[in-house]
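There are 2 protein chains.
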Amino acid sequence: MKQNAALRRLEVIDKELVLLSHILGVLTWDQEAVPPRGVEERALQMGLLDRNMHELVASDEMGELLSDLGASDGNEGGATSLDDRSRGIIRNYFRLWRRERKLDSGFVQEFSETTGKAHQVWVRARSENNFSHFEPVLTHIVDLVQQKAEAFGYNDDPYDALLDVFEPGTTTAEVEKLFGVMKGDLLDILKQIGEKEHIDDTFLYNSYAQDKQEFFAREVLDAMGFDWERGLTGLATHPYTISLGSDDIRITTRYTEPSVTSPLFSTIHEGGHALYEMGASNERTKGTCLASGASLAFHESQSRLWENMIGRSRGFWQHFFPKFKALFPTQLDHVTVQHFVAAINKVQPSSIRVNADEVTYGLHIILRFELERELLAGTLAVRDLPGAWNEKMETLLGIRVEDDRVGVLQDVHWAMGELGYFPTYALGNLYGAQIMDTLQQEVDVGTVLSSGDFSPIRLWLDSHILQYGSMYPPKELLQKVTGAPLDTRFFKQYLTNKYVESM
Amino acid sequence: MKQNAALRRLEVIDKELVLLSHILGVLTWDQEAVPPRGVEERALQMGLLDRNMHELVASDEMGELLSDLGASDGNEGGATSLDDRSRGIIRNYFRLWRRERKLDSGFVQEFSETTGKAHQVWVRARSENNFSHFEPVLTHIVDLVQQKAEAFGYNDDPYDALLDVFEPGTTTAEVEKLFGVMKGDLLDILKQIGEKEHIDDTFLYNSYAQDKQEFFAREVLDAMGFDWERGLTGLATHPYTISLGSDDIRITTRYTEPSVTSPLFSTIHEGGHALYEMGASNERTKGTCLASGASLAFHESQSRLWENMIGRSRGFWQHFFPKFKALFPTQLDHVTVQHFVAAINKVQPSSIRVNADEVTYGLHIILRFELERELLAGTLAVRDLPGAWNEKMETLLGIRVEDDRVGVLQDVHWAMGELGYFPTYALGNLYGAQIMDTLQQEVDVGTVLSSGDFSPIRLWLDSHILQYGSMYPPKELLQKVTGAPLDTRFFKQYLTNKYVESM
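As they're listed, the protein sequences go chains A and B.
When you line the first sequence up against the numbering used here, it's residues 1 to 503, in that order.
When you line the second sequence up against the numbering used here, it's residues 1 to 503, in that order.
Hints listed in this document are in silico derivations from the structure and should not be mistaken for laboratory results.
One thing to keep in mind: the hints can contain errors.
To be verified - Here are the simulated DSS-like pairs of lysine-lysine, each with C-alpha atoms no more than 25 Å apart in a straight line:
#1 K346/A x K492/A
#2 K492/B x K286/B
#3 K117/B x K15/A
#4 K286/A x K117/B
#5 K346/A x K392/A
#6 K117/A x K15/B
#7 K177/A x K392/A
#8 K286/B x K117/A
#9 K492/B x K177/B
The whole structure should be built from the sequences, with the hints applied where relevant.
Here's what the structure looks like:
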């Protein structure tokens, strides 16, 4: 087939796959509403769509199209004469096709149905603090993931096969090395902070009316540039961002946490993801596979950059604190902006990852990375997981886990079969710090923040990162944006400036 | 292919089609939440699923399977040696296949996308009272429907082709004859009622707290036997029932109407539909195409039987009025149960179909039936529709339509491309009265109602109608249940008893 015709056909299939993935998004969004006995069929529905998508990706036709377009292991993007957009689409599908064709449809459907049903099992096990209820299905999932890794294949480590799904081009050895350095940095900074004075943050745990919290969160999203014509916010047990369409991007939060800033920072975090999804879908990319993040770590770089580097900064609160205090004058009586900023940046090891401060967060990830590798290698059995978890929490963070709800059962990822996902969260912090370092050279971030008009930051991120979606491999994009490969020293420098030198 | 193998294969395809139709249900349920710019893609998503379903139904494979199973025009259910369940599945698919294979995929997708987008256009036109905004898309839809009718084919009247989709086996000539008799009956009864004394129902328009209304509606649904493990209720602009899964059946209502009983009766109405969906999905039928109503008129017979014959009956309120009054003592001060029952059964011609009383309701349907036939025949242009509507409203109901919002723009059906649907509503009244007549011979309905435990009614309906789903053609099922073909005299008798003789 001629290259042009092959490309046109690939784009037709791509368009259909994007629609199907958005439909899957609708099923996911609605999942919490499903009445008890409907849960089982919802998993079958998702399994069917997953199977249909798999069959489109793994088809012989797809293999032929990609071959006609010149894609190969050494040249994933196909013919170099093609433009970046076309090469981006080809690369995405070559990687998917290479992987997916190694799985048969039955396996894909079983994987989807098993994880679909596991969700409710995990929810119940967590609420009842009963790991043994979750153990059988998690054992099944780990078995399926092992099969998947073997099917995908790898050079050095089975974990490579999983990691490459979420963070294209990054190996386990690289992560191990980066995390080794990062761990030393974090423990070092933690030690230095430990010697500082105690910060009183009890006022964050006062009672704050939810409607006012929602009003404030909306104002912050406005300032970030969240487009209400293309998205909305909702409530859910777990905060997340999801695309139900190119112009239908939704974020959730929960108001069940005791601290007033927990839902707020979760909104800013998800808002960062939403801005990426909104920016990645534009005239050039809309409706194609390119209209999403370059990788999960890149996605997380945006959410954590907005949540922590912007949302927990002094400049941000110089603008927003008077508004916040006007909403909650009683709760914040006598609290100064300096005190408030110190409180929301309080560093203290704790058991829950999503509530962890910036310094200890990485240690939560290292713990999961290490446990996942052992599960995958078969050197740790699922039944021994809670014990291993608690032991590592004590070694790494000095935390004695009270029970499994705030321990091994806290995260949804394993119930979803997503082993290999967690490292991208910590990589996101590293990417974010490196990107912020470049951004600060070109934009006067401090002034922008205290002005309350964040558009110069958003526009910079948009033109340097977001607009490309997944057109370039993550490593290439980072090089393009920051002029350097990933380096842990930017994150170390950021934390040191913020926590050791300034506070 | 051997019959057994063909049947097994048909059941696999059936299972997939049912899952896809439920997925389409999820997309529909979520439709009101979609942010403004996301509306267009949602229509594309629905178009894709419609096309995929069409391709499964209209495939050569389907034709071969049905032929192997002995299905033909003269014998839609296939080999008579097969059991009723198998023959029901075969009949459903033979009818679908015969129709759908006459449409190409492109047409199906265009139809779905056009009507998907038309929804928002209609919403806006209605809210702005601007028919001309809706006119172009409705013209396009009527054109597509005309093409569809021609493609499906018919013997006497193009309207037959549409009607047969919604009410299998019923012809336009039959409807015309039934409606002719019904029209005479209704006008006659209306005249007799007109001579009676005026009923004061103004207390229904007092202010009633929504949370208490919801509480009461939930109690009524409990009494009806609504299974909360398999369903839920929600709010929407338009009340409807939808299956998002065999065990995920949802109904909506709205609390924007001025009368307190409008949302209540709409809940009971949709509750009747939901009971049908719940009952039709059982051990024998779950996950198959049989797990739904025998026809739309059969479905409507259940909703209107519960809403009007039960919900607006004296017996029902003998049980429920004390509870209702306890919730709203001020609003119902001095109102007796007799007065209340008279008020909720007040007959008065009005412009809105869904709020119409039992007597004038049928006239609203006749109006639509007549206009649809003219639209389809091309003897009425879409631009002349509002004028024709208003003229008929005056002739039939003596109502001068104030504006198009409460006139030609009031219903969603035409925006959905569903010409041929309306007659099933009035047929539902006829079916319902005939079924109730039989039910009353076997169950002491009056005693059951005032006991507040409706299970004898529900169980009778379940064992005589619901459990079969769409296993039998509607005419055959009616004969099986009531021992007679459809006859207007039952509905006439019911209305006469209730409105002329008793009140």
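Verification of the supplied hints:
{"no.": "1", "hint": "K346/A x K492/A", "verdict": "17 Å, holds"}
{"no.": "2", "hint": "K492/B x K286/B", "verdict": "37 Å, violated"}
{"no.": "3", "hint": "K117/B x K15/A", "verdict": "19 Å, holds"}
{"no.": "4", "hint": "K286/A x K117/B", "verdict": "19 Å, holds"}
{"no.": "5", "hint": "K346/A x K392/A", "verdict": "23 Å, holds"}
{"no.": "6", "hint": "K117/A x K15/B", "verdict": "19 Å, holds"}
{"no.": "7", "hint": "K177/A x K392/A", "verdict": "19 Å, holds"}
{"no.": "8", "hint": "K286/B x K117/A", "verdict": "19 Å, holds"}
{"no.": "9", "hint": "K492/B x K177/B", "verdict": "15 Å, holds"}
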